Each structure stands twice: as structure tokens, then as C-alpha cells.
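J.: Chains H and L, in that order, are what the protein sequence lines are.
If you're matching positions, the first sequence starts at 4 in our numbering and goes up one per residue.
If you're matching positions, the second sequence starts at 54 in our numbering and goes up one per residue.
It should be emphasised that the hints constitute simulated quantities derived from the structure, not laboratory data.
Bear in mind that the values here come from a model prediction, so they are computed numbers and not experimental data.
Calculated from the model, a selection of chain L residues having no Cβ within reach of chain H, i.e. all distances over 10 Å:
no. : residue
1   : S75
2   : D218
3   : I226
4   : E230
5   : Q248
6   : E295
7   : R298
8   : L357
9   : G381
10  : P440
11  : E472
12  : E492
13  : E501
14  : V509
15  : G539
16  : L549
Which residues of chain L face chain H? A few of them, derived with a C-beta cut under 7 Å, are:
no. : residue
17  : F138
18  : F332
19  : L337
Virtual Cβ for every residue (Gly too), placed ideally from N, Cα, C.
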Amino acid sequence: MKLHTKCAHELHDLLVSKEISATELVNDVAARLEDVEPKVLAFVTKTIDEAKAAAARVDDKIASGEKIGPLEGIPMAIKDNMCTEGVPTTCSSKMLHNFVPPYDATVVRKLKEAGSIMLGKVNMDEFAMGSSCENSWQEGTRNPWRLERVPGGSSGGSAASVSAGQAVFSLGSDTGGSIRQPAAFCGVVGLKPTYGSVSRYGLIAFASSLDQIGPFSRDVRDCALVMNAIAGHDPFDSTSAPIEHPDYTTFLDQSIKGWRIGVPKEYFGEGIDADVSETMQKAMKTLESLGAELIECSLPHTEYALPCYYIIAPAEASSNLARYDGVRYGFRAEEAEDLISMFSKTRSEGFGEEVKRRIMLGTYALSSGYYDAYYLKALKVRTLIKQDFDRAFEKFDVLLSPTTPSVAFSCGDRLNNPLQMYQSDICTLSVNLAGIPAISINAGFADGLPIGVQFMGKPFEEGRLLQISHAFEQATSCHSQMPPLKGGCAE
Amino acid sequence: MRDFDFEIVMGLEVHAELHTKSKIFCGCTTEFGGEQNTHVCPVCLGLPGVLPVLNEKVVDYAMKAGLALQCTIASFSKFDRKNYFYPDLPKAYQISQYDLPIAEGGYIDIEVQGEKKRIGITRVHMEEDAGKLVHGGGSLAYAGYSLADYNRTGVPLIEIVSEPDIRSIEEAIAYLEQLKAILEYTEVSDCKMEQGSLRCDANVSLRPWGQKELGTKTELKNMNSFKALQKALEYEIERQAEILRDGGKIIQETRMWDENKGETIALRSKEEAHDYRYFPDPDLPPIVISEEWVERIRKTLPELPQARQVRLVESYGLPAYDAAVITGSKAMADYFDQACTAYGMTLPAGQKVDQKGQERAKQISNYMMGELSRRLNASEKGFQDCPISPENLVELLTLIEGGTISGKIAKTVFDEMFESGKKPKTIVEEKGLVQISDEGALASVVAEVVAANPQVVADFKAGKDKAVGFFVGQVMKATRGKANPGLVNRLLMEELKRQ
Ligand SMILES: [Zn+2]
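Only chain H is shown next, with the shape it has when bound in the complex:
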């Protein structure tokens, strides 16, 4: 049985009915992982021995007649910026190449408690800065649909591993689109939850006020199951919301008849590829056929999202990344003469180009004399962008847009053109600035490459995003396709 092509809820049924064992499942997915890994290059650290031991424990539990949870025994991958006790957590940076955290991130702890089994830590753009997964100290991850294309970033490894069948689901983090853009490029489901609905404790910070952890999955039901496991208030994260979360699976299989869906015209302007526009038109038709009403609307401050984001995110990053100074852990440069040269050599040699670029941008934006003109101004723009959404959600249940302006681009294509690279997140950035939830699901293909549709919702209304995504998914068939990826090095 090709277990690695199945969703978590299907595998759960097989485990409960004892048609398969957790050991079989882990072995099958691990074999697939190893089989395609030389091509996909999704993993930075593999923990397959530990995974097999964990699978045996789940089997013992099943054998003893105990009930298992919906994610128990299910193999997963974790983005390498979430701390895992005793397992290296590098942020795909030379700076942390030898860092082994003494504690688990809250999401990791919760998934362990839910019985999910980690197969390894997956690749990303260094410190989550990038949109192609090429800014890694390791080799860049490839798009399973076409290997010379990027998987998107920064959670490229998380998206590619699920798409390629190397894990049933995974966690990524989204600061400006880092879950949704790779989900779209790799043809999987990617949810960026409301800021504060999933604990950030143990997520190695890039931009604290924008970062949010979320799931990658093969279908919407799995996405709901993972949300059930990871959402919730965490006393270790002061920005996590003290609210009760619903059972997210209760939103599935519910009609969206009569829903009003806003279509912000700013997301359909020039710069959006014809293939993408066409697929969006088809998606809107599908939703209409499900009884929803699609209405054009406007988010007038959208054009300021990109500059606003590229002030705020680097400003916070410059502060968050200051702790990597070679004093206590991680990389330390050799042959420094004194303290200052140790700091500066360590940071020069330990960080990659994009990280250094953003640290410099952020340091400049916060420095005295420029703070008011850049950082403070950006905060004001951020408020305007948030107000755009508040106003839109007075009228609409959700908003619809493409997730990305184009399909996955070629490896190396935009590496030397940071501004062009930044453009690939143009449809996703505003959501992080506003703190609202958004999901990307596969809406079709162009030339064999997936195209994502994005639904944006009111704060803490992930349930409604899952509801519309599930309805859409049921009405189409694209999510059941797997990339034409063969194992080994024969292809």
C-alpha cells in the first residue's frame, strides 16, 4: 500500500482498524523520504531511528486496546526554526549549525503529546528570510512538481516534504507569506493562523509581531486536525490569545451557500500572471456554483504593504538576531583579537547575504534620527492596512485572492534580485501586517505547476476559512494529485 500518498485522517482509520501498524506507516513514509530526498533535498536533520521507536510505542498502545488520537502515529516534519529538545535546530544557518536546544517549542510539545511522530527537521531560508528556500546554509530544496523550480519560501522544506510524500503533514512559519506561498508553489494546503492563536514559544524569532506557526497538509481536513492539536493559549507566550478554540473539524462539510466573498481588486492588477488570473476566475465560478456571491471590493492601502513590511520585519529581525554573537552557543569565528572583533567576525562569517541585508536595513530603520521617518511611519501604515481589512470584513465573510502572482519560478532566477524576490510575497504580506488568518489551497495547474488560491478571514475565524476551503476542495479534484516524482536518481 502506498501509505505516503494518504492523508492523516485516512491513515488514522487504517491504524484504528488495524489494517496497518504505526511501524509500517513510519517505515513506508521514511522509505519514501529517503527515496526522493536526493532530488527534493527537503530535510536538514533526520530523526528516523527515534521515529521508529516512537511508532513501536504507538503500536503497543493500539495492541493494549487503548484509543489513539487522530494524529497519533502520523509521521510529520518540523521546520528547522522550531526548537526540538535534543535535536539540532539550525534555522538553516551556519550561525546555529551546532545548536541543540534544551527545550521543545510549545507546538512541538503539543504534537508529541498528540502522538505525532517527527521524521526530521526541514529546510528553510536562513532565519526564515526568503521566498525560495535557496537562502539556506544547506543546499536549496527543490519543487517536487519540477525539480529545477523552487518550492517557495521560507518554509520550502515544510511544503516540499508534504507534497513529495516525505511526511504526512508539517509545520511551517509565516512572517510575510512563508507558509502560503510555498503551499501554493507545491500544491498543498497551508494555513497561516491569526496572530496569537498558535504559541510562538520556541519558534526562533524573525519578526516577532508578524511570525506565526501554521500547518501544511495534503487536504483541508488534516489542516483542521493539526490546528486542533496546536492552537490554544500558552502561558509562555504573552502574545498568545487567551481564548477557547473550537473543534476545527466541525466546520468541514458545511455549506457556504449565501456567503459573500470579497474580491479585492488590488490583488488582481498587473504583475499577476495570466495563468494565475485564469485559475482564479475558474475558482470563483466554482464557488458561485456552491452558492456563494463574489463581489469586487477594495483594500486601498495594499500598495504600501510591501514597503511597510520591509521596514517592520527587518527592524524586529535586527534586534531578534543580535543575540547570535558567538558568546554562548552556535558558531564563533576563529582568531578574533578582542571582544568587538569576535562579535563582528562571528556575525560576518555566520550569517548569509540576505540575513545581513535585512539586519542592516532594520538597524538603519531603528537608528536615532531615522526612527520617526521609517519605523514609526511604517507602524502607522500598518494600522491603515489593518483598518482596510476591518472595513472589508464588515461586508464580507472572507476575501479571495491569488496566493502568488506566478507559479513557482526557476532556481537561481531571483537570487540576485532581492526586489524581484520580495515581489513574490505581494499577495500575502498584508495578512501578516493585519494579523488576520489566511489559507492557501490548490486551485489548479498551469503547465504542470500548482496555483494557489488564498482565502483571508476575520481574526480567530480559521474555522470559516477551513469551511470554504473544504467546500472548494470537495468541488474540485486538484488536491488529490501527487507530483510525478519518481524515487532514486534515475529521473
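Could you slot chain L with the ligand onto chain H? The hints should help.
T.: Just chain L with the ligand, lined up with the frame of chain H:
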């Protein structure tokens, strides 16, 4: 100070460690000492991925300090990051408060040489402490290596910034004394300067008398005792004065007080000063403080030192000097109040004890400021761990007042009380020290002594007054000091007249 060429302008920045059990953003203990790097966790070490969670007790304490310093408590306050690189700062930023501190606009009243003065408090803000570096090879300059101890990182501090209202070293000392007393009274900080829980920096500038503009200032750091503050200010004021007298210019810089060398040393000049790149900490939501919260904290405020000083003068008729000394330390003031209670002199506000009560209060004060302070200092103790309880001191005073023991015997009893902590009555009974006031018994001793010394009687008759003293001494010797001295005197005069 008019005889000095310049007017001195100073402001103090005082860091006080808050007396909470756990750190400001994690659950680690704030206990002083302990093996290096044992009071630490991923959060206070600033490991990748960790987040701070504010200890609400810290806000309570900071508000209490703010209220005790007559400040306005902000209804909306927030934490900011102060970014700079140093190995003792694990995150390379300190979580502090910048433009919205917890409390602003207060004051402290001081008195220097009988003159009262008000020193403004600009602000009180909360922040986390950094770690400590131990330099191998002695001093920083010659260190071959440095080791970091992070036990102190994340210990909660408040910084209290004064207005530049201080005009003399005496005022600076008086301000710091008063501030220390207020923080001790409110139990916001234990103020142990020797353990670094109270640290003082000073901004110092000079200007010609009558000039309005401020002179260029220097910032003095690392003064951790009153003596150091005094000496550092003396040195720095004279250093600046010399430069100005020679027509030179003061460089705006940070200087460190070197205790061993007895001088201030330049640390860094303004040109290379830090740009801290303050910005709101995105990991910590703003602090919203309700009226109710402020009132709840206000209710926990104790009587503050100055109010207490006034009360001791008004209620017990204590001299102002005594009241000032006693209220200078909370433990001492508490001791005094407990002693008055033991004497049955607990007073409702505004009431005054009678003449007898005033004498008793003065007796307590005399013992506390005299013998008791001397003995406590010698044994390096404070009033909070005085071996003689206030109740026992009052019992001793009652024994003297009632004539049970003489003042001389009282000294012996006092010594014994201090050594053993026993009750005075027990000591008097055990040692048989009760005063002999039995007239008949004493009269016969007096008669015997007089009869045995005819030569001295003759001297007395010849007008030598010293003779009386000799007889008193003899009677005391015969009674082992227990004779009631007043009674002995009267009986002696009667006996001598009869001769
Ligand atoms: Zn700690």
C-alpha cells in the same frame, strides 16, 4: 557653597533591585549568591525561541515605589528594547521602558543643615538586570579571558531618575538616604548596597553662579556605597572645576568611579556613545493599569519615613534629631514603635502622650541611639535582629522606674540581656540583683560602715565632702551594689549628723 567658584548641578539615577521571589520574565529565583549559572533557564538566558512573560508582582512593586515617591502612575505603559552588544546581556538587548514609564513626576523632600528642599523625580521605570562578567587576570584591561555568570540576568530592577535639582554633595547624600529609606519602608527593595541591590549613577555639571544654561555634564557610574558616592562626587567636582578654572572644556562622557585608585576614569565619550535603537518590544503586550489596581497598591503603602518622623515628634515629644535618626531605618523605627506599644503607649493619630510618657519615650530613644546601637554596630547587626526585644527593653526600663534595680545594676542586666536574650526579670532573679530599699536593713549597714571609719567621720566634720562618697561606696560594696542609692544617701546624712 557660595564660596565655591561654580554652582553644582546634579541629578541621580538609582537602580534598585526589586524584592520579588522570581525574575521579571521567568520563574527563576532572584536569590543572591548561589553557584554560578544555577539560577537560570532558557528564558533568562535568552536562548533562541524563548519569549518573556511579565511577572505581575514586578508591576505591583514598581507602582508601590512610584506611589511612595509621590509619582503619577501611568494608565498605559509598555516595555521597549534597548539594543546593545555586551557579553553579559544574553539577548543583546535589555527589556526596559523608554517613552512610557510606569511612573512619572514625583519628588522627595530632604533636609540639609536645617534647610528643607524638594528634589523632583522625573520617572520610575522597570527593567531587567544583566549578568555579571568575571575577568580572568584581575581587571578588565589585563584580562586574559572573561567568564559570564547569568544568575542575575532578568532580576527585576526599577530605575529612579531625579531632576537635576541637586546642588551639593550633602544634598546628594540626603536624597539617596531618603530614597533608600522610602524603598526600605515600602519593602520594595532590600537596598543592600554591598550586594548591588541599590546602585547609584550621577550626572554632574558645573556652571558659573548666575548662569542659566547648564554646563557640560559627565555621567558617573559604579558608586555602590554612600562613601563612594561622596568621594566620587568630591573628586569629579574638583576635576571639572580645575578644567574650567584653566579655561578648558568639559567633555561629555561616561566616567567610572575606581574605588581603589580614588578617581573617576573615562569609559566612553559622547562621540562613540551607543545608539540604543529603542523600539516597543513586540513580545510583550502593553501594560494597562486600572484605577482599581492603583488603589489596591496605594492601600498597601506603609507610613513613610517623613510622616513617621513627624509623628514621633508630635506624639511622643521626641527631639527632632532623635526622630530623624530613629526613622532613618525602618527596622529601628519599628523597634521604637513596638517598645512604645509594650509600654502601653499606642496612640491614635493626633494624640499626644503625657509628661511621664514623654520621659519614657526619651528613655527608649536614649537606649536605642546609645548603648543598643553601639552594641549592634559592634556585632554587625541591625535592629531587625536585635537580641534584646522591644518588650524586654521596656521591662528593663520598668524595673528601673519602679526602683526594683538601680541604674548601675541595670547596666549589668542590659549586658546579660544582650548576650543571652533573657528577660530582665529572669536575670535579676537568677543573680539576686533586686535593689535593697528596706530602710531598717540599710540603716544597720550604714551604721556599721560609719562606726568602722571614725577617721573619715572626722574628715566629714572638717568639711571634706568627699567623705560622703567614700561611705556610699562602702555601703554599695557591702550590699554588692544592690542598695537603693537615694535611700543610702538619706540614711547616711542622718547617721553622720548624729555623730
Ligand atoms: Zn529564568
